[in-house]
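Make a model of the complete structure from these sequences and hints.
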Amino acid sequence: MKLGTRESSLAFWDGERQTYMVEGEEKVMLLMQLGRELYLYLKERTTQIQESVQEKTPAEHFH
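So for the sequence shown, this note's numbering puts the first residue at 108; every next one is plus one.
Heads up, some of the hints might be wrong.
Now the in silico label distances, taken between C-beta atoms and shown as ranges [stated by the list, open to error]: (1) E162 / E130: 26 to 34 Å; (2) V135 / K163: 35 to 43 Å; (3) T153 / G131: 29 to 37 Å; (4) S159 / E130: 42 to 50 Å; (5) E132 / K163: 43 to 51 Å; (6) L137 / S159: 31 to 39 Å.
It should be emphasised that the hints constitute simulated quantities derived from the structure, not laboratory data. All residues carry an ideal CB built from backbone N, CA and C; glycine is no exception.
Now the structure itself:
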């Protein structure tokens, strides 16, 4: 039995596979959490950049 192939994960559901699936789900949860944190960080940075651009733009019109 080869671990990590699609065929084996469909064909076998034993204790070993069960722990493997749980580990996989934990990795997915971690990735989703990281993705959410990254999204929130980038959203915050984008807002900060937009605000700083808006602050600079009016002054440039006086030149």
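Comparing the hints with the structure gives:
1. A hinted range of 26 to 34 Å is violated for the C-beta pair E162 and E130, which are about 48 Å apart.
2. As the Cβ distance of V135 to K163 is approximately 42 Å, the hint placing it in 35 to 43 Å holds.
3. For the pair T153 and G131, the supplied restraint of 29 to 37 Å holds, since their beta-carbon distance comes to about 32 Å.
4. For the hinted restraint 42 to 50 Å between S159 and E130, the CB-CB distance of approximately 43 Å keeps it satisfied.
5. Here the CB-CB span from E132 to K163 is close to 47 Å, well matched to the stated 43 to 51 Å.
6. Range check, L137 to S159: about 33 Å between beta-carbon atoms, so the 31 to 39 Å window is met.
The structure fails hint 1 only (numbered hints given earlier).
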